[in-house]
Structures are given as structure tokens and as C-alpha cells.
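So the sequences go chain by chain: B and F.
FYI, the numbering used here numbers position 174 of the first sequence as 811, with every residue one higher than the one before it.
FYI, the numbering used here numbers position 77 of the second sequence as 714, with every residue one higher than the one before it.
To be clear, the hints were calculated from the coordinates, so they are not data collected in a lab.
Don't take every hint at face value.
Since the list gives no way to pick out one identical chain from another, each pair is judged satisfied if it fits inside one copy or across any two copies.
Here are the computed lysine to any residue pairs in the SDA-like style, where the Cα-Cα straight-line distance is at most 25 Å [to be verified]:
| id | residue 1 | residue 2 |
| --- | --- | --- |
| 1 | Lys873 | Ala796 |
| 2 | Lys653 | Arg814 |
| 3 | Lys859 | Val810 |
| 4 | Lys861 | Pro718 |
| 5 | Lys748 | Asn832 |
| 6 | Lys642 | Arg842 |
| 7 | Lys653 | Gln717 |
| 8 | Lys661 | Arg838 |
| 9 | Lys661 | His819 |
| 10 | Lys748 | Ser648 |
| 11 | Lys873 | Ile703 |
| 12 | Lys642 | Ser811 |
| 13 | Lys879 | Arg814 |
| 14 | Lys653 | Arg864 |
| 15 | Lys868 | Asn652 |
| 16 | Lys748 | Val792 |
| 17 | Lys873 | Phe651 |
| 18 | Lys873 | Ala754 |
| 19 | Lys859 | Tyr849 |
| 20 | Lys653 | Ser745 |
| 21 | Lys868 | Glu822 |
| 22 | Lys661 | Thr681 |
Spelled out, the chains give:
Number of protein chains: 2
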Amino acid sequence: MDNGKIGQHISGQFNKELEDIRNKVLTMGGLVEQQIEWAVQAFTNGDAELAEQVIRQDNQVDDLEIEIDRECNQILALRQPAAFDLRLLITVIKVINELEIVGDLSESIAKMAISIADIEGSGTKKDSYYELQHMADLVRGMLHDSLDAFARMNVDDVALITGRDENVDREYVSIFRQLITHMMEDPRNITRTINVLWTVRALERIGDHACYVCEHLIYMMKGKNVRHATKEELQKVLDYGKK
Amino acid sequence: MDNGKIGQHISGQFNKELEDIRNKVLTMGGLVEQQIEWAVQAFTNGDAELAEQVIRQDNQVDDLEIEIDRECNQILALRQPAAFDLRLLITVIKVINELEIVGDLSESIAKMAISIADIEGSGTKKDSYYELQHMADLVRGMLHDSLDAFARMNVDDVALITGRDENVDREYVSIFRQLITHMMEDPRNITRTINVLWTVRALERIGDHACYVCEHLIYMMKGKNVRHATKEELQKVLDYGKK
């Protein structure tokens, strides 16, 4: 872990505070990754008990967001940081918001897992769940790698991470079409399929939020807002200052 | 407009900067409100041209977000504000993020308006559009009132605004059920109905984001994070310090 950027303060206490915040963000990230995994597992296996656990655990995610947000605001007020430190704190406030949203999306997948388990009981034929699982792995991987880049404070690979969102979108469109066909073939599938549709949509949005984490990281490291940048503009920002 | 809180600075230039930022947030809010109105109008009237305009105008919303965000960061870095000013700037950064998301949601409604116009041409029977329009009015009103409270820096009515989200959720559930029945009755309706479903979902989320604006405002005025507070906890925070 490259602590260079954080370790340059005269005040050891300030270093400790920033390091503590970074660690809490990573803890929150780990929790959210697990939430995605469990929610999708609950959904594909019709496991209502696991889904309940995801819903309960979302409180922990929410509490961590409030705690980290408060700490960032305290440091901003007391230390009045400038330059990189200021950007770091603003970035943390934005990143934990993304993580909280991903937590909420996982919770809503868990809720759909419960409603689908009610409809069909366990042991029913789970078509299209293979693709859904694959899509979940994709977006979880994106979120993991973007948090890893945040932890290392390194933007070298972020274009590769955000680029993977195209695969997610392709999978989304493909599953979406499949589900529509499925509903048309047999209207009795509609209620169940709508739940699958929401889940796929939630996963697609998790991929977007992983991209936003990368964008916040670029702002922190490069001081540039790339929120609505094209691929080429993004690359230009990333290449700037490289030899 | 109560400028009391902003007008207390020794530096007239600082006052001017904060006032300028607040005005830009309100401009952005006005633009986003219009985006919601036009997007839903385009959707219910099958007006692809108006939908295109919404999509184009979203760039303006995005540009405003980047501009305001940059100004907030500059002030944070140069003025190193404390207490209320610090909270004001952090709140602005969060509020413009909500507005940007609402802008994106309006854009996605506009895109669905185009795809639905492609499917059915204009002049087709538009059932359930009355309820959709009503729901759109509800959430646009919530957003308008929350921005108005932000402009007046007054939290007296925010519990009334966030309370209206229950009506939105009720409408959502009612339209949702209606649409499912509609699909079951005639599977040929499925593709079109899914677009209506996404639109209703987008409106429901706009209502949520209006509530988040209120929550950010409470943080600014009361210094308390009420993001995951219950109704009772929220009221307690609002009552605190009142005689």
C-alpha cells in the first residue's frame, strides 16, 4: 500500500486520522462487496434467510457511511486542509455515497429474492440465472478493483476498470431481451420475470457506481472532474504528466 | 429570500461567492424541474422531438454540476471556511449530485419516450398515462419545494415534503400492479409496458432524491446527518432548539 501521499504531514495525528478514514472506507467497501455477493446468491438460490441477513447488514453499511462522513466533516472543520488532503476528504465523502447506494441496491436485490422465493418456493427451474450470476461477478469485480485503486491511490488501471462497463451493458441488453421473450412466451412468468428484470437493472447500476468511484479517484489524484468525459477525454487526463 | 446566514461575512467578496453558488444551484434546479416536466410530456404525448430536446439539455445540467462543484472546491481550498459555511459548501456538493442524478433520470425517461414512439407511433391509446402524469407532478412538486426550502435556508416544512414521498410510493405500487395485469391480459403489450414501468420507477426515484435534498438541507442547518433516520428521529432533530 502506497502511503506516500498520506504520510507527508508534519502532524502525526493528522496522518493517523486520514489513514483511519481510508481504512474505514475499505472496510465499508468490503462489506458492500459481500452484500452484492450474498444478495445475488440469495436470489439465484431462492434463499430467503440469506436475503434477510443482507437486509439486516445494510444497517452496518449505513452506520459506517454516517460515521465516515462525520469524521471527514470534523477534519475539514478542524484541520482546514488544502490541496491533496482537501481533495482526499471530498473524494471520500463522494465514494462512501456511492458505496451506500450500492448497499441499497444489494438490499433491494435481497428484497426481490424474498418476494421471488414467496412466489415459487425453492427448487424451481432457474433459467437465465447463469447470466445473472456472471453479470454479478462482473460488477463486483469492477467495484473491488476500483476500491483497490483507491486504496493504492493509483489511477493507472482505472480506464481498464471503467471500460469493463461496456461488457456489463452488453450483458444487460442480452438478458433483458431474453426476459422479454420469456414473458411473451408465457404470461404466467411475468411476475417472476419482472423481479429478475429489476435485479439485472440493479446490477447494471452497480457497475455504473463502480465507474463513479473511479471518476472520484481521478478527481482526487489529478484534480480534474471527468464525470461526463468521453473515453478519449478521460485518457487524456490520465496521460497528463506521464512521460 | 433570507440572506441572513450568508450575509454575515466580513469579506464582501466571500458573500458574493456564496451567493453566486446558491443562485447557480437554483438555476440548475429550475433546469432539472423543466427536464422532468418535458420528459414526461414527451413520454405521454409520444413527442420524440421534445424528448430529443431533453436529452440535449442534459448536457447543460451536467456542465452546471461540474462548474458549481469546481467553485465549491476552490472556495474550500482558498477560504478554508468553518462551521456553517463549510456545511453549506459540502451540502451544495451533495445537492448538485442529487440534481444531476434527477437530470439523468429525466434523460432516461426521454429515451424511453423515443423508443415508445418508435413502437407505437403517435395517436395510440395512452392508458395509465393519467396516473403517470399525476405521479410526475407529485415528484416535481417535492423537488421544487425542497429547492425552495434550500433557497430560503429554512427547514420548517421539510418533514411535510419528505412525508409526501409516501403518496408517491403508494401511486408507484398501484400503477405497477395495473401494468402487470395489463401485460398478463395481452402479452403484445409487454414491450411497451416495460417502458412505462421504467418511467414510473424513474419517477419514484426522483421522489427519493427530492427527499435526499431535504436531508442535506437539514444537515446544513442543524449539523445532523438524518440520512437513515426514522420519521420520529427526523422530527426530533427538526424540533431541537425550537421554543
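Okay, the hints, checked on the actual structure:
no.: 1; hint: Lys873 / Ala796; verdict: within (11 Å within a copy, 46 Å between copies)
no.: 2; hint: Lys653 / Arg814; verdict: neither (51 Å within a copy, 53 Å between copies)
no.: 3; hint: Lys859 / Val810; verdict: neither (34 Å within a copy, 44 Å between copies)
no.: 4; hint: Lys861 / Pro718; verdict: both (18 Å within a copy, 22 Å between copies)
no.: 5; hint: Lys748 / Asn832; verdict: both (10 Å within a copy, 22 Å between copies)
no.: 6; hint: Lys642 / Arg842; verdict: neither (31 Å within a copy, 38 Å between copies)
no.: 7; hint: Lys653 / Gln717; verdict: both (16 Å within a copy, 21 Å between copies)
no.: 8; hint: Lys661 / Arg838; verdict: neither (28 Å within a copy, 33 Å between copies)
no.: 9; hint: Lys661 / His819; verdict: neither (43 Å within a copy, 47 Å between copies)
no.: 10; hint: Lys748 / Ser648; verdict: neither (46 Å within a copy, 52 Å between copies)
no.: 11; hint: Lys873 / Ile703; verdict: between (35 Å within a copy, 18 Å between copies)
no.: 12; hint: Lys642 / Ser811; verdict: neither (43 Å within a copy, 53 Å between copies)
no.: 13; hint: Lys879 / Arg814; verdict: neither (43 Å within a copy, 56 Å between copies)
no.: 14; hint: Lys653 / Arg864; verdict: neither (30 Å within a copy, 27 Å between copies)
no.: 15; hint: Lys868 / Asn652; verdict: neither (35 Å within a copy, 38 Å between copies)
no.: 16; hint: Lys748 / Val792; verdict: neither (35 Å within a copy, 33 Å between copies)
no.: 17; hint: Lys873 / Phe651; verdict: neither (33 Å within a copy, 34 Å between copies)
no.: 18; hint: Lys873 / Ala754; verdict: neither (48 Å within a copy, 38 Å between copies)
no.: 19; hint: Lys859 / Tyr849; verdict: within (15 Å within a copy, 29 Å between copies)
no.: 20; hint: Lys653 / Ser745; verdict: neither (36 Å within a copy, 43 Å between copies)
no.: 21; hint: Lys868 / Glu822; verdict: neither (39 Å within a copy, 44 Å between copies)
no.: 22; hint: Lys661 / Thr681; verdict: neither (30 Å within a copy, 46 Å between copies)
Consistency with the previously given hints fails for numbers 2, 3, 6, 8, 9, 10, 12, 13, 14, 15, 16, 17, 18, 20, 21, 22, ordered from lowest to highest.
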